[in-house]
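Undergrad: Each chain, letter by letter, is given below.
2 protein chains.
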Amino acid sequence: MSLLNQTIARITPLDTKAMEEAQKRLDSLLKPQGSLGRLESIARQLAGITGKIQNKVEGKAIIVMAGDNGVIEESVSSYPKDVSKLVAETMLTGLSGVAVLGKFEGAKIKVVDLGLDGDIDNPALIKRKIKRGTGNIAKGPAMTRDEAIRAIETGIEITNLAIDEGTNLVGTGEVGIGNTTTSSAVLYALTKESLDLLVGRGAGLSDEGLANKKAIIKKAVELNKPDPEDPVDVIAKVGGFDIAGMTGCFLACASRRVPVVIDGFISGVAALCAVRMKPESREYMIQSHGTEEPGGKIIHKLLDMEPMLFMKMRLGEGTGCALAFNIIEAATRMMSDMGTFADIGM
Amino acid sequence: MSLLNQTIARITPLDTKAMEEAQKRLDSLLKPQGSLGRLESIARQLAGITGKIQNKVEGKAIIVMAGDNGVIEESVSSYPKDVSKLVAETMLTGLSGVAVLGKFEGAKIKVVDLGLDGDIDNPALIKRKIKRGTGNIAKGPAMTRDEAIRAIETGIEITNLAIDEGTNLVGTGEVGIGNTTTSSAVLYALTKESLDLLVGRGAGLSDEGLANKKAIIKKAVELNKPDPEDPVDVIAKVGGFDIAGMTGCFLACASRRVPVVIDGFISGVAALCAVRMKPESREYMIQSHGTEEPGGKIIHKLLDMEPMLFMKMRLGEGTGCALAFNIIEAATRMMSDMGTFADIGM
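Here the protein sequences line up with chains A and B, keeping their order.
Numbers 1 to 346, taken from my numbering, label the letters of the first sequence in order.
Numbers 1001 to 1346, taken from my numbering, label the letters of the second sequence in order.
Cross-link-like lysine-lysine pairs, in silico, BS3-like; alpha carbons within 25 angstroms at most: (1) A/K312 x B/K1312; (2) A/K312 x B/K1056; (3) B/K1301 x A/K297; (4) B/K1085 x B/K1131; (5) A/K56 x B/K1312; (6) B/K1103 x A/K103; (7) A/K103 x B/K1056; (8) A/K297 x B/K1297; (9) B/K1024 x A/K103; (10) B/K1297 x A/K301; (11) A/K312 x B/K1024; (12) A/K103 x B/K1108; (13) B/K1301 x B/K1218; (14) A/K108 x B/K1056; (15) A/K108 x A/K56; (16) B/K1103 x A/K108; (17) A/K297 x A/K192; (18) B/K1127 x B/K1103; (19) B/K1052 x A/K103; (20) A/K312 x A/K214; (21) A/K312 x B/K1297; (22) B/K1312 x A/K24.
Cβ-to-Cβ under 7 angstroms is the rule here; a few derived chain A residues that face chain B: (23) L36; (24) L95; (25) G339.
Quick caveat, the hints were computed from the structure, so don't treat them as lab data.
Predicted, not measured: the structure shown is a model, and the values here were computed from it.
Think of the CB as a built atom: it goes at the ideal place given N, C-alpha and C, for glycine as much as any other residue.
Modelling step: build the complete structure from the supplied sequences, incorporating the hints.
TA: So, in structure tokens, the structure goes:
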């Protein structure tokens, strides 16, 4: 059996018995029942994920999938392609948004080159390039089915390695100019929701640029005819290496029973792909912040998740995950350190 | 001049020149302009508060104002009065929600007894009791005008001391059974908004309890006739010692140019009182989380502030401030540690 199929097969539902025990503990803590809201639901979810009532965040990592997108030939982005490589480099040198926020929150940043159209000379880069950028989805498929599976499986492998090294809280990040276009195309192919509802301005398109982006996405889906019942086909035909790698990351975390944080829109599209492959994978995911991309709201609805943070952030990279890590760790401390009514003799 | 009037007189607008310089730095960082959203607006605000582009969080404290409320005779709370003292004790022994979250976030918790109807034997308690609980506002004023001013000034003194000790990020918390009733009464007196819009279930009232709470608030305001143009009069007649102390805390922070975080509904009502006394004090405040109390939305609108966190929390104590501290510190790190386009030769 392939690594992808093995991983999917290993994903099982949450441990409801542990969640019930966690709820008992939560209700014994010194507070009105339910009054710590999302901290309580996270603590319950973590119990379901690990099977333990008390959880400790031992290692945090944000896995950043990097790849270029051929569709930027169609002027769908306000930035040139070279910026993908530049941003990935600044992640490695500690200068980018996710590098700074990740360091502040005590998380490792693992940057994976799955498909950058350029080479980075830095030993910290995880070099797993499948191809130098995808094809232009307005003219043909992004990649072959085999390449899509390789990219997903690479995401699984890298995530499994991070977990083997002691990571027990994972964040998902990406870099790839043009990836709000490919993500919107994947979401459109999977849902057939109105393009007006799901396409946004990415890093900062004009009105004209936005209209062009919608037209290109429509064209890409009409031309490539991805099968909405087959997420691998959708990713291969209109997605990107970053979306594929993150999909693998979500599946790997679920198969290893490790909580995994959704960042913004692109990460959310990958989460949706994972859930379409295996619905139970959803239970291992935690939504960090509300994205400014309009498609984000559709994703939250489809995944039935509410963001915890509303930061008006639209940088991507995994920056929202870094902030969410602190909240998730706070939930574990609530569970382990708060007193109970019994402690004070009530 | 009284301490209260001195403090109010010292509050001046933000340093707009520093904010412009901060904006230049923000726009030079390696990201699309504005793409770090609220982190950027916080960094800009901190520059306006301190006059410095780069800020460092050196000391964090959550100042918790504790007091009992005579109105609980009217069955407006699902908890008995003794719980105020019990909760304050668990804050000092490290078992309460804010104690645990504050410790996790590296913040000191300073618990001030302004009006508990009971004595706590713990040297960590800041003992500044003005009276053993307020009067029942359904039958008369909560306190005299002199007592209200003393409570506000005590809040100012304690906050000034914390700042003298090195605190440069302040959170506001409270404990006092019945304080969503007094807070709703203050908000109703100040705004005359519909009681249906501003009164909620506090820690967990029934439908019947909620109807009674509204009736009591209406009665208290009709009986005591607080002057909506005079926040001290409103606090004295239908407020509480906790609201008074927190109002002092907000004013002191603004006068000392230190950022101060609003927690939930009760803290928001105190913030509104401070802003009504001196509109410029608003510029020193940062809203942490969205409260579940319906009056919270009215406060956010009146203060023109949007919460960053939506945690469905309704514990109070200052718990939302603890989580917000991490985000505020993240904003300072973004400002100091991210690279610029110039750094990478662009």
